[in-house]
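Residue numbers (the UniProt record's numbering), protein chains in the order written: chain U, 1 to 495; chain F, 1 to 95.
No wet-lab data here; the hints were simulated from the structure.
Be a bit skeptical, because a hint or two may be false.
[As the list claims (entries may be wrong)] Pairs of lysine-lysine, DSS-like flavour, derived with a Cα cap of 25 Å:
#1 U/Lys-351 with F/Lys-61
#2 U/Lys-282 with U/Lys-261
#3 U/Lys-392 with U/Lys-269
#4 U/Lys-493 with F/Lys-18
#5 U/Lys-393 with U/Lys-307
#6 U/Lys-56 with U/Lys-8
#7 F/Lys-92 with U/Lys-422
#8 U/Lys-99 with U/Lys-351
#9 F/Lys-78 with U/Lys-84
#10 U/Lys-282 with U/Lys-297
#11 F/Lys-61 with U/Lys-392
#12 U/Lys-351 with U/Lys-297
#13 U/Lys-297 with U/Lys-261
#14 U/Lys-351 with F/Lys-13
#15 F/Lys-92 with U/Lys-351
#16 U/Lys-263 with U/Lys-84
#17 U/Lys-297 with U/Lys-269
#18 U/Lys-99 with F/Lys-78
#19 F/Lys-18 with U/Lys-351
#20 U/Lys-393 with U/Lys-297
[What the hints assert, rightly or not] So these bits of chain U aren't anywhere near chain F, every CB distance computed over 12 Å:
#21 Asp-149
#22 Thr-346
#23 Ala-384
[Stated by the list, open to error] Label pairs and their in silico Cβ distance ranges:
#24 F/Glu-39 with U/Glu-420: 24 to 32 Å
#25 U/Gly-147 with F/Leu-14: 48 to 56 Å
#26 F/Asp-33 with U/Gly-147: 33 to 41 Å
#27 F/Glu-39 with U/Asp-150: 38 to 46 Å
#28 U/Arg-52 with F/Gln-73: 38 to 46 Å
#29 F/Glu-47 with U/Val-299: 24 to 32 Å
#30 F/Leu-60 with U/Gly-262: 33 to 41 Å
#31 F/Phe-87 with U/Lys-422: 26 to 34 Å
Note that the Cβ used here is the ideal one computed from N, Cα and C, for glycine as well.
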Amino acid sequence: MTDLNTLKIAEARDALRKGDVTSLELTESCLGAIEAAGELNAFVHNTPDLAREQAKAADARIKAGDAPDMCGIPLGIKDLFCTKGVPSQAASNILGGFKPEYESTITRQLFDAGSVMLGKLNMDEFAMGSSNETSCYGNVVNPWRRGNDDAQLTPGGSSGGSASAVSADLCLAATGTDTGGSIRQPAAFTGITGIKPTYGRCSRWGVVAFASSLDQAGPMTKDVRDAAIMLEAMCGHDPMDSTSADLTVPNFEAALTGDIKGKTIGIPKEYHMDGMPDEIEKLWADGRAMLQDAGAKIVDISLPHTKYALPAYYVIAPAEASSNLARYDGVRYGHRATLEAGDGITEMYEKTRAEGFGDEVKRRVMVGTYVLSAGFYDAYYNRARKVRTLIKKDFEDVFAAGVDAILTPATPSAAFGLGEMKDADPVQMYLNDVFTVTVNLAGLPGIAVPAGLDKQGLPLGLQLIGRPWEEGDLLNTAYALEQSLGFVAKPSKWW
Amino acid sequence: MSIDIETAAKVAKLARIKVEDDALPALAQEFNDILGFIEQLNEVDVEGVEPMVSVTPMRLKRRQDGVTDGDIQEQVLKNAPDAREGFFAVPKVVE
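Based on the sequences and whatever the hints tell you, model everything.
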């Protein structure tokens, strides 16, 4: 048998049920892979004892014949999820030492289904970043390299630890979260699959909040089938999250027939960007041709407000962040600055937040404070919310015209080098999310699938955007595309 | 709209983040870069458009207004940087 850590969820599930392998063996294999991959800096809090305990319990359940699909599957969990008794810091010093007394709804659902947690995964601080360079734990390194060049590349962000860990086979799959592209962009940069479901599909309870009207969790996996299996286990109504949708969760795996005959796929003209590499244009054209060959009808569409999505996002997300992050005051949890004689409560807040937050987080909190402040609220925040209405309407119009899914590139470039964007202004980094952020603003499901390699040998991804609540249909279209693309490349092990 | 050093200091104060004086000019410049990018929104005709309140049209569910948990003082205080006698402790607030 191959190294167990390289298995996919579906393969491991079937092997577990047949009795060919135990969850403990799978878990030990992953723990060994994690141990040997320190250079990637993907796992930041390892939980081997808990993992072994959960694996043994899963094996007992499988033996008893009571095993959901995710039972016994070893996972990595993004540090943004609160996990009971295990450090949950959102990669921020301000949550240094924080060990939640409760479990997030999503991790509870996964553990109830018998999944195993190997540890917590690195990420951008408070999920604010596109390169995993804002983490208090240091940069995550992409397992992929440009040919024989040993320059370290970014795995993308903010779910960079999740992407790196899945791509390097340190776990079978991982949880991610996506506020502006934080599942799909790192998935594309590391040659894996990542889906952000419709806003409201996954409970946000116990997930450290960044921008509440945009945040959604989702799985990061080795293929589309695994994404379907794991997403189903993460979804469901939760009374603890008032925006959680009270809808039945379909069997997503059963939707994977690969038959997309008669489906209509839209190609939005606004996603042709100046300066985008020819390889991405070509890959996108290839994807279009493949879906057509599979029997779909391809139509050119227009989403006229696309250009305004990023500027609207950089008003709305910082505004919500400035409000959400007000809770880090050095009183109830996490870091408190050492005070000098005579310092009062205001000095405590100001020093604690100056020490605890990194530069990007401070920048966004202050931008958010500015756009919400008296005199600017209408000019910035309300205007951005109106533009958001128009962006959502762009999508509603094409869906009303019969489009079932939209095909776009996932990112405007392949993975770039760590440190390469150091001297660029913050806006340059924000452009990474240009193709993904519209989906968050409109609350839609979006999936990134690995599509091919560029000249330098780095993975590139395509994105499919679906109708609200129709993740099953979206996953099936992604499955058909995956079959045609036949992407099987893996990074060569150097770590 | 351009942000000067004084405005940057005011925003930092409102956000309760201490920023040293010598860091303010660079901060003001970053704000200007970001706000310059955001200014593009002024090109959009938003006449008569409602600002989005909820991305999915849903009614928030109602629930019983009842106590669902409690008696967990120890857990509530467990992660506090300074907790004493069952309270969160902070520097003196009133003279």
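Taking the earlier hints as the rules, which of them does this structure contradict? Hint check: 1, 4, 7, 12, 16, 22, 23, 28, 31 fail, others pass.
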